Amino acid sequence: MPHLSGQEFMPGVSSPRPEAHGQAGAPVVVVVDMGCKAGIAKDLLARGFQVWTVPWDYPAEEILALRPCGVVLSNGPGDPTDVPAAVGRFPVSSAVPLMGICLGHQVLGLAFGAKTFRLKFGHRGANHPVVDVTTGRVRITAQNHGFAVDPAGLPAG
Numbered sequence: 020m021p022h023l024s025g026q027e028f029m030p031g032v033s034s035p036r037p038e039a040h041g042q043a044g045a046p047v048v049v050v051v052d053m054g055c056k057a058g059i060a061k062d063l064l065a066r067g068f069q070v071w072t073v074p075w076d077y078p079a080e081e082i083l084a085l086r087p088c089g090v091v092l093s094n095g096p097g098d099p100t101d102v103p104a105a106v107g108r109f110p111v112s113s114a115v116p117l118m119g120i121c122l123g124h125q126v127l128g129l130a131f132g133a134k135t136f137r138l139k140f141g142h143r144g145a146n147h148p149v150v151d152v153t154t155g156r157v158r159i160t161a162q163n164h165g166f167a168v169d170p171a172g173l174p175a176g
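Start counting at 1 in the sequence shown, then tack on 19, and there's your number in the working numbering.
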């Protein structure tokens, strides 16, 4: 397996410019593309949101100017500590809910003061069932994680 640390993948995997999808006037969710899978925007669109996909380095002020009801930091490749420019740019204290998927979750952990670490073996290629506790529906999810957030570094609350 190639070594993922020490490389900056974002410029090569992120959207080059902001793009809107879905119905104008619908609640807006901004997806910060750090190597985003197309299924993330597709699922948000299916739930009635207008989705703005923006580059990984899109300014926080411009994200907030889109008046989103939420911001998703996407999945993507690499070590989260190799993208320090991404860590400090999100309004973690704003009233806009933030969610991270995979790399996005790790970047949020770093933004809140936690540390990340490389998993000894990683979670590669295995499919795991996940139960939606509100509906009872089971979905199969693909796992491809090489890093994790150490919760010991997170502030209380």
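By construction, these hints were calculated from the structure, which means they are not laboratory data. The model shown is predicted, which means the values in this text are computed figures rather than measured ones. We put the beta carbon where it would ideally sit given N, CA and C, even for glycine. The reader is advised that the hints may include incorrect statements.
Unchecked claim - Between beta-carbon pairs, the in silico distance windows are:
| id | residue 1 | residue 2 | range |
| --- | --- | --- | --- |
| 1 | L83 | P148 | 21 to 27 Å |
| 2 | A114 | G172 | 20 to 26 Å |
| 3 | L64 | D169 | 17 to 23 Å |
| 4 | P116 | P78 | 31 to 37 Å |
| 5 | A79 | K56 | 31 to 37 Å |
| 6 | A114 | F136 | 26 to 32 Å |
Note to self: When the structure is checked against the list of hints, which entries are broken? Sort them ascending.
What the structure shows: Per hint list: 1, 3, 4, 5 violated.
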